[in-house]
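S.K.: Spelled out, the chains give:
2 protein chains.
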Amino acid sequence: MYHKLTATPETCQWGYFDNALEPALTIRSGDVVAMECLTHHAGEAPDLMMDDGVREVYENIDKNDRGPGPHIVTGPIAVVGAEPGDVLECRFLQAEPRLPYGVNFQANWGLLYGPVRAPLGHATTTDLESHQHVVVYEADWQQGTAKGLFQYAYPYADESPYPGTFIEPHTVARQSALRGVSVPLRPHMGTAGVAPAQSGRIHTVPPGEFGGNVDNRSFVPGTRMFYPVQVPSALFWAGDTHFAEGDGEISGTAIEGHLNVMLQFVLHKNLRIRTPLLETDTEVMVHGFHENLDEAVRIAAAETVYEMGRRWGLSQRESYSLLSVAGDLRVTQVVNGVKGAHFVLSKSVVREMR
Amino acid sequence: MYHKLTATPETCQWGYFDNALEPALTIRSGDVVAMECLTHHAGEAPDLMMDDGVREVYENIDKNDRGPGPHIVTGPIAVVGAEPGDVLECRFLQAEPRLPYGVNFQANWGLLYGPVRAPLGHATTTDLESHQHVVVYEADWQQGTAKGLFQYAYPYADESPYPGTFIEPHTVARQSALRGVSVPLRPHMGTAGVAPAQSGRIHTVPPGEFGGNVDNRSFVPGTRMFYPVQVPSALFWAGDTHFAEGDGEISGTAIEGHLNVMLQFVLHKNLRIRTPLLETDTEVMVHGFHENLDEAVRIAAAETVYEMGRRWGLSQRESYSLLSVAGDLRVTQVVNGVKGAHFVLSKSVVREMR
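Chains as they are written, first to last, in the working numbering: chain H, 99 to 452; chain W, 99 to 452.
Just so you know, the hints here were simulated from the structure itself, not pulled from any lab data. Mixed in with the good hints there might be a few duds.
Said to hold, decoys possible - Keeping only pairs whose Cα atoms sit at most 27 Å apart, straight-line, the calculated DSS-like set for lysine-lysine is: (1) W:LYS245 <-> H:LYS445; (2) H:LYS102 <-> H:LYS367; (3) W:LYS445 <-> H:LYS245; (4) W:LYS102 <-> W:LYS445; (5) W:LYS367 <-> W:LYS445.
Unchecked claim - The following residues of chain H were derived to be distant from chain W, with all beta-carbon distances above 10 Å: (6) TYR114; (7) GLY128; (8) VAL152; (9) GLY165; (10) GLU187; (11) GLN249; (12) ARG277; (13) HIS301; (14) ASP379; (15) ARG396; (16) ALA424.
Where is the CB? At the ideal position from N, CA and C, for every residue including glycine.
Make a model of the complete structure from these sequences and hints.
M.R.: Shown next, in the form of structure tokens:
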């Protein structure tokens, strides 16, 4: 069955997941949902990134009802029959830009904010230390690229007054940025997942076993993410959509833009995974999360060993060897408090296994 | 000019770099060197990984003259006119296996050695905690793949008696491993670089600004690594060759095998880099090293920002944005004490810059 879920002040939450919320939509396994997802960065280029629907959400969700996180998420979607211990597969079928502009925000939580001491004992990136910055990109969906449009110094030194603060064009000095540079588009949902088990308003920034702010730039149309269900009916949310991102997401954000996405949901009763798993036609990616990147990579590696046993019947010794010689450890993001690493394994290595 | 550098007890050092050593060869910028590189893991399959030349090195370098590191390196090669502050480019022209077998060692310094607590609170990888293990692979250079041949439990619980200890076939129970699995070959030098500035016998395990045990699996034929010269004449070493490795090198090793390599060296007087840089036809990769992976990624990111300014004239703000939306942060290795991360940037993003 096909459903449509529009982003409105009623179907969007700003900055939190709460597993006590009434579903915005109820579906069955196999259903397809056309869903509007909004970025929370439209206020940084309000002349380019607003239409009536976006403006309605930005104006009608009370400023005091935003937080503790910054993200706008659409949902929740209840899945009939889903129970903790099941796995919800989210097949990403399609993504279209709602408006062709996106923002990269260089945040005070970015990797190079604050002094960076380089090997020779003096800072390499002094220009980046001290204030926040905005670069606006324009996407060409036909070309599959985004180009730099303009940049400006963000006027708030530290926190902005509230999530979604408007920075009106005449209040800042917009200057050209990245002339001639082409960024490949990789449209994905920065934040997507099932409801966390914990009750109350859960911060949208740190990712976890439930998914959430995973920020894997490889979760593009044609791929599917598997989430371990935490609560009855699963309660799926998505938002914080990105046009493009590099592994690491080092400035604190991607190219943040609104996307209309089409998703299909499949409920699995007999899969056992313990952390989100992304599958493409050619690769399997297993995530690990931890405040400390050294621990995140250990968790990702251990969960990948476990998954290889489940999937291909390999012993832990065999899986460990294969990962060391053919698996790739990547940094998903280092800017969400809880950092993310993922192991990428090409399915071609086991192609000839009987 | 073309040179040949054979691996012998005289041209190999086992476990150290020492910038006071006499050069094994002296070359000029532009020269090509055909060089034999040996793995230090041949003792784990001595029936398959020895020929007369390898055996001569294993038998004639005194056991007490090995260390503090485990690696066999060939060199040093002096480059006429090289001075600290210059950059030595090593163009990797060709690699041939000396013998078609390689060892993956699951070491007590591997990522999953010791208890790993998985998200649900119990260990996922209990089989890997407690002892070292060997998997031997056979490479098919025509096919471009390696296949698992056999595995066995390593007989020494902790340290082996000395680097290069022979494990005779009849002393262990060899069992089949990874039947049907195909690992793509990516022949590279695990350890290569210029001499460190510090005097004395320098441990070969931790990588640094001079290169050394960088373990970047992308340093394959057709690519070139740039090293910041630390001492007069540069003094290049290479060894610890690998047939294949995944980013992370999590078990502590790659598929370790002997390679005959052909390298061309070019001295640059006017380049300024501060950490090894790998360039392929399509990508630039900048390395960062630190005991703590969180710091290693910061250093790699900062050095990449610096390199983008040098190379393309981008401002730090522009480079930072571009890295966040189009650069990929990868984990080079997490097993060399000093961990490595590298930023990968596709050159296609700046293709249309004027």
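S.K.: Work down the list of hints and note, for each, if the structure agrees.
M.R.: Here is how each hint holds up against the structure:
With a C-alpha separation of about 15 Å, the suggested pair LYS245 (chain W) and LYS445 (chain H) falls inside the 27 Å cut-off, and the hint holds. Of the supplied pair hints, the one linking LYS102 (chain H) and LYS367 (chain H) holds, its CA atoms being roughly 26 Å apart against a limit of 27 Å. For the suggested pair LYS445 (chain W) and LYS245 (chain H), the alpha carbons sit about 15 Å apart, so the restraint of at most 27 Å is met. Restraint check for LYS102 (chain W) and LYS445 (chain W): not satisfied, since their Cα atoms lie roughly 34 Å apart, outside the 27 Å limit.
Between LYS367 (chain W) and LYS445 (chain W) the alpha-carbon distance is near 24 Å, which keeps this suggested pair within the 27 Å criterion. The claim that TYR114 (chain H) is not at the interface with chain W holds, since no C-beta of that chain comes within 10 Å of its own (minimum 22 Å). No Cβ of chain W comes within 10 Å of the Cβ of GLY128 (chain H); the nearest lies about 28 Å off, and the non-interface call holds. For VAL152 (chain H), the condition that its CB be more than 10 Å from all CB atoms of chain W holds, with the nearest at approximately 21 Å.
With 10 Å as the threshold on Cβ separation, the claim that GLY165 (chain H) sits away from chain W holds: the shortest Cβ distance comes to roughly 24 Å. Consistency note on GLU187 (chain H): stated as away from chain W, and its beta-carbon is indeed over 10 Å from all of that chain's, at 19 Å minimum. The beta carbon of GLN249 (chain H) is not kept farther than 10 Å from every beta carbon of chain W, the shortest such distance being approximately 6 Å. The Cβ of ARG277 (chain H) sits about 7 Å from the closest Cβ of chain W, inside the 10 Å cut-off, so the non-interface label is violated.
Listed as outside the interface, HIS301 (chain H) is consistent with that label: its C-beta sits roughly 18 Å from the nearest C-beta of chain W, beyond the 10 Å cut-off. No Cβ of chain W comes within 10 Å of the Cβ of ASP379 (chain H); the nearest lies about 17 Å off, and the non-interface call holds. Against the 10 Å criterion, ARG396 (chain H) falls within the reach of chain W, whose nearest CB is about 6 Å from its own CB. A Cβ of chain W approaches the Cβ of ALA424 (chain H) within 10 Å, the least distance being about 5 Å, so the stated non-interface status is violated.
The earlier numbered hints that this structure contradicts are 4, 11, 12, 15, 16.
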